[in-house]
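Make the full structure from the sequences, and use the hints.
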Amino acid sequence: ITEILLANCMKRSQGFEDLQYTLAAFGIGFINAIITIIVLDQSTLVVAWMLYTAFEYVGVLMLAVLTFHEPINGQKMAALALTAIGVVILIMEEESSDDDSDEE
Numbered sequence: 094i095t096e097i098l099l100a101n102c103m104k105r106s107q108g109f110e111d112l113q114y115t116l117a118a119f120g121i122g123f124i125n126a127i128i129t130i131i132v133l134d135q136s137t138l139v140v141a142w143m144l145y146t147a148f149e150y151v152g153v154l155m156l157a158v159l160t161f162h163e164p165i166n167g168q169k170m171a172a173l174a175l176t177a178i179g180v181v182i183l184i185m186e187e188e189s190s191d192d193d194s195d196e197e
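Just so you know, we're using our numbering here: the sequence shown kicks off at 94 and counts up by one.
What the hints contain is simulated information worked out from the structure, not anything from laboratory work.
Since we're looking at a predicted model, the values are computed, not measured.
Each residue gets a CB set at the ideal place from its N, CA and C atoms; glycine is no exception.
Every clue listed holds true.
Label-pair restraints from in silico Cβ distances:
{"hint": "1", "residue 1": "A174", "residue 2": "I128", "range": "23 to 29 Å"}
{"hint": "2", "residue 1": "M170", "residue 2": "G120", "range": "30 to 36 Å"}
{"hint": "3", "residue 1": "I184", "residue 2": "E110", "range": "39 to 45 Å"}
{"hint": "4", "residue 1": "F119", "residue 2": "P164", "range": "31 to 37 Å"}
{"hint": "5", "residue 1": "I131", "residue 2": "M155", "range": "18 to 24 Å"}
{"hint": "6", "residue 1": "E163", "residue 2": "S136", "range": "30 to 36 Å"}
{"hint": "7", "residue 1": "P164", "residue 2": "E186", "range": "31 to 37 Å"}
Here you go:
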């Protein structure tokens, strides 16, 4: 979601002419970088990337619903469910491979 806010502020800054939106964009970008560093420090890249991608999909859908009043149909719900199932499976696989490497 921070990337979407960052892009929105950059667009509204009109090529760094509007100081308020320019500072907001740099602030949001800085917060995004700090959060990314903390997440990568606390987990593996595989798990962090899967979660990042899943949250990005969910965030875009939530913004579309809240901002543009876009309806959530069965196809979108199925896509979200498949994304969630895929993330859970990949995290479980990553954890089991970590357990296997710890035993060796």
